[in-house]
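Just so you know, the protein sequences line up as chains A and B, in that order. First residue of the first sequence: 1, per our numbering; consecutive thereafter. First residue of the second sequence: 1, per our numbering; consecutive thereafter.
It should be emphasised that the hints constitute simulated quantities derived from the structure, not laboratory data. It is possible that some hints are incorrect.
[To be verified] Taking lysine to any residue pairs in the SDA-like style, the calculated list, with each CA pair at most 25 angstroms apart, reads:
hint, chain 1, residue 1, chain 2, residue 2
1, A, Lys118, B, Asp167
2, B, Lys87, A, Cys434
3, B, Lys87, A, Glu177
4, B, Lys87, A, Ala16
5, B, Lys590, A, Glu177
[What the hints assert, rightly or not] Derived Cβ-Cβ restraints for the label pairs, each shown as a range:
hint, chain 1, residue 1, chain 2, residue 2, range
6, B, Ala222, A, Ala395, 58 to 66 angstroms
7, B, Thr423, A, Arg32, 23 to 31 angstroms
8, A, Ala395, B, Leu181, 53 to 61 angstroms
9, A, Arg286, B, Ala492, 55 to 63 angstroms
10, B, Cys334, A, Ala391, 56 to 64 angstroms
Glycine included, each C-beta is placed from N, C-alpha and C at the ideal position.
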Amino acid sequence: MNDTIFALASGAGRAAVAVVRLSGAGTGDAVRRLAGSLPAPRMAVARRLRHPDTGETLDRALVLWFPGPRSYTGEDCAELHLHGGPAVIAGVAEALVAAGARPAEAGEFTRRAFTHGKMDLTAAEGIADLIAAETAAQRRQALRQAEGGMAALYGGWTGRLTGLLARQEASIEFETEDLPPDLDAAVGRGAAALRAEMEAHLADGGRGERLREGLVAAILGAPNAGKSSLLNALVGRDAAIVSARAGTTRDVVEARLDLGGVPVTLADTAGLREASDEIEAEGVRRALLRAASADLRLLVFAADRAPDADTLALVAPGALVVMNKTDLGSAPAEIGGVTPIPVSVRTGDGLAALRDRLTAAAADLARPETATPLTRSRHRAALREALACLAELDAAGLPELRAECLRAATAALGRITGQVGVEAVLDAVFGEFCIGK
Amino acid sequence: MHDETWDVVVVGGGHAGCEAAAAAARCGARTLLLTHRVDTVGEMSCNPAIGGVGKGHLVREIDALDGIMGRAADAAGIHFKLLNRSKGPAVRGPRAQADRKLYRDAVQSLLRATPNLTVRSDAVENLLLGEGNAVLGVETAPGRRVAAGAVVITTGTFLRGEIHIGDKRTPAGRAGEAPALGLAAALQRLGLPLSRMKTGTPPRLDGRTIDWAALEAQPGDAPPEPLSFLTARIGNRQVACAITATTPATHAIIRENLHRSAAYGGGIEGRGPRYCPSVEDKVVRFAERERHQVFLEPEGLDDNTVYPNGISTSLPEEVQARLVASIPGLERACITRPGYAIEYDHVDPRCLDPTLEVRAAPGLFLAGQINGTTGYEEAAAQGIMAGLNAARRAGAAAPDRVLGRADAYIGVLLDDLTLQGVTEPYRMLTARSEFRLALRADNAVSRLGTRGVAWGCVGAERATAQGAHLDELRILRRKAEQSGASPAQYVAHGVPTNQDGRWRSVFEMLGLASTPAGAVQGMFPWLAEARPRVMSELAAEALYAPYLARQAENLRILRAEEQLAVPASLDFSAVPGLSLEMRQRLDAAKPSSLGAASRVTGITPAAVAALAVHLR
């Protein structure tokens with residue numbers, strides 16, 4: 001039997017209420033020893049909690065009892081809603097240990113839920129993301145995934161793929177039976193429809209993954225254009241060292257930012273110029289590298305001097321061009337064909353407008369358009385593989401080779417949703433066709 | 001203490017028993033086959049046909065291990081057909097319809113010709129048990145105690161068999177033969193998990209009363225393709241089958257009398273096979289269909305009995321008569337024996353090792369329908385493996401004789417049975433193999449020939465013939481890989497080729513559907529000189545080469561996971577992170593390796609991971 005675990009389910013620290021969750025075969029026993037008796041299932045009941053050894057009262061708490069399998073983990077579970085305070089929590093934890101439970105390891109509740117089939121792999125990943133979600137939009141997406149939106153979508157595809165494979169297998173196994181004459185063509189049509197849907201899902205430009213992983217915005221510009229100051233101003237704290245000396249930032253400095261729900265990593269880079277030493281040259285090289293891989297590029301110029309050629313070369317339509325130091329000079333109407341955003345980091349003028357523009361750009365890139373966006377590159381890789389297998393179907397020709405393509409596609413999708421066994425395929429065969437002499 | 005002593009005793013003279021006894025004897029074990037009736041050894045209880053898609057693959061594998069089924073079918077075959085001829089070689093299945101009497105004769109004469117083998121008529125009533133339920137022999141009906149180093153039980157549907165026709169029930173192993181009751185009790189005393197299954201058979205017709213002229217004839221292949229590697233040509237006169245179908249009138253008769261069918265009237269508790277449903281089942285489950293095919297298969301050359309394939313039924317005899325008369329061509333057909341459903345005990349095969357030895361009773365092997373399978377070929381395949389391992393157990397210590405999923409359909413069969421168990425009678429299908437392109441009927445000798453020789457179950461005649469085939473194929477393949485031509489040369493000889501200037505081997509060209517075999521043979525005359533079956537096997541290898549290369553990765557993973565053994569003594573409750581359900585599934589299946597554990601139905605990836613961590 002699984003041993004009984006408990007953990008603080010709410011955040012640590014002082015709060016009005018702290019929730020301690022238990023799971024495992026000994027849960028009922030532990031609750032009985034602390035609260036005297038078990039409440040009716042799924043009813044919130046106020047109970048005095050006592051230490052099982054000393055009898056000392058620890059707290060008056062709300063106790064909820066969820067007998068398995070209708071519980072979060074599928075095992076017997078309980079929740080103790082305590083008065084939130086470190087001493088109460090510590091006391092109850094000690095009492096639970098005395099009652100035979102042990103503190104859970106990270107992720108243990110979710111793992112047990114997964115093991116008991118309470119959620120599939122995508123749902124388990126969603127829960128993990130939910131816990132790690134930094135922003136509201138991330139949380140919404142994780143929630144959707146945890147609730148099985150992804151499982152429903154991929155599960156639906158797996159089901160259809162299983163049906164196609166079943167037809168193909170039927171045409172191989174039961175040649176002498178009265179099968180519909182156009183099975184191969186029907187399989188081809190079904191596969192083409194599936195491919196179209198999967199391609200549309202993949203063609204979301206990586207929005208879901210970006211939202212889960214966050215965007216990277218690189219700040220680029222000539223030395224001393226005020227890139228580090230801009231980063232600090234946007235982040236609201238001193239993340240980068242700022243000095244009047246050109247070339248102070250020699251490597252990439254990063255800071256996290258929440259822009260309208262999208263997590264963005266701002267990357268301050270070394271100024272673009274002929275480097276005066278090897279270390280700075282390396283910094284410039286890294287800056288360009290970072291710029292190439294960034295989702296967004298902030299090109300910073302200073303109003304008190306002419307635009308430098310290195311940064312100008314990076315200006316392209318749609319780029320975010322920032323004209324800093326507008327307190328020292330006026331912003332030109334356009335730079336390289338793009339209207340710059342005037343900002344003075346020193347006075348704070350234009351910062352709000354810049355933040356709005358950044359937020360809009362981030363939303364463009366990362367806000368999902370569909371209800372169930374792709375959130376993991378693992379999923380993307382599996383889908384791509386499934387698609388590649390389906391794409392080979394027509395060229396495969398022979399029925400057994402077409403079946404190989406469908407099997408490989410099913411296996412690839414199965415890496416997301418769990419594998420489809422032969423029995424499931426045979427069930428589909430015998431469910432659809434009258435086989436057997 | 002004992003009245004006589006043998007190395008191996010086989011109980012049952014069906015397809016499993018015959019292969020088991022013959023295999024054990026070929027390995028040098030002094031073998032005794034005990035059966036209720038010596039004259040029905042090798043009887044075909046149901047359909048007079050051997051082979052098909054998946055099943056034909058099994059027959060070729062049995063044959064490569066020098067089994068008797070393929071040779072007997074060739075000696076008795078009166079109608080041969082290579083199924084899936086229009087598809088690729090991996091899924092082509094050779095099939096033969098046999099003259100029932102000739103088949104029985106062929107099996108009996110092959111057994112008589114096998115040294116070390118004695119066949120005797122005796123009912124086995126009990127097992128002789130030693131310490132730890134080790135099986136030491138059997139006790140026969142007259143009370144004789146027969147000692148044996150290993151015992152193979154192959155009682156088919158005879159374990160508490162009961163025949164149902166309408167509401168009539170008769171205890172029987174098959175029509176007209178007594179069931180085995182004592183043995184069922186003995187297995188129950190051993191604590192083996194028994195449950196009920198059912199299967200059925202159609203009524204038999206008198207061929208002289210069928211209006212053949214009104215029906216579409218179905219001739220066999222000309223020339224027929226033999227099942228055995230050793231058969232040069234088929235000697236019997238070949239006959240045609242005919243095809244007809246049920247009608248709406250047939251379906252109406254069935255619907256009106258459904259409550260009188262044993263299978264539908266509640267008289268039967270066991271589960272039947274989805275692959276050969278009764279005609280009642282078809283009419284109920286596919287109510288929208290207006291016709292179901294019926295193949296009329298002659299049972300013999302000088303036998304007028306006809307097997308109407310497709311109308312297995314357990315309706316009362318009187319209803320069967322009306323049912324038959326409603327089918328075109330059978331309006332005046334006489335039923336010579338009614339169809340019936342049979343219910344019997346089978347053992348949950350998860351209590352067996354992959355060698356088919358009962359884990360709880362060392363020395364006892366089970367093979368055939370008793371393990372929940374259906375079909376002669378599935379029975380014979382288990383028989384040969386049980387016989388090989390029984391001989392090994394009775395003799396000097398030697399490693400288990402096991403075939404894996406990547407080796408043979410026999411391996412797929414044993415792995416599925418002993419790991420997953422059965423929920424309905426198990427039939428082989430090529431869909432069950434993840435290595436379908438590699439496990440072909442055409443290359444059974446290449447896959448198993450050498451192993452058969454190493455196990456000592458392959459006779460000298462076959463060993464020589466198969467060895468020559470392997471040598472010839474190896475040489476031909478090397479030559480085909482090393483010889484080749486430029487695109488210009490190929491095109492000049494009428495072989496369409498992509499004009500990219502790349503040299504291509506003969507082997508590569510043979511793999512392309514667009515390559516006309518004759519034109520390539522014109523360029524490389526040594527190809528034309530190769531024996532046809534060597535050439536066709538080479539062509540199949542070439543056709544599937546890109547796919548087989550891709551499967552190599554799956555194969556590597558399979559082999560690696562098979563390497564990680566799960567000790568028989570492992571207590572799954574001691575493995576952290578396994579849920580109760582996972583533990584129960586693993587406990588029932590007792591997987592012998594991590595690979596086997598990952599194949600157990602319902603085992604989650606998380607459970608496999610937990611087990612892997614624990615094993616490492």
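Checklist line | Indices of hints not satisfied (ascending) | finding: When the structure is compared with the hints, numbers 1, 4, 5, 6 and 7 turn out to be violated.
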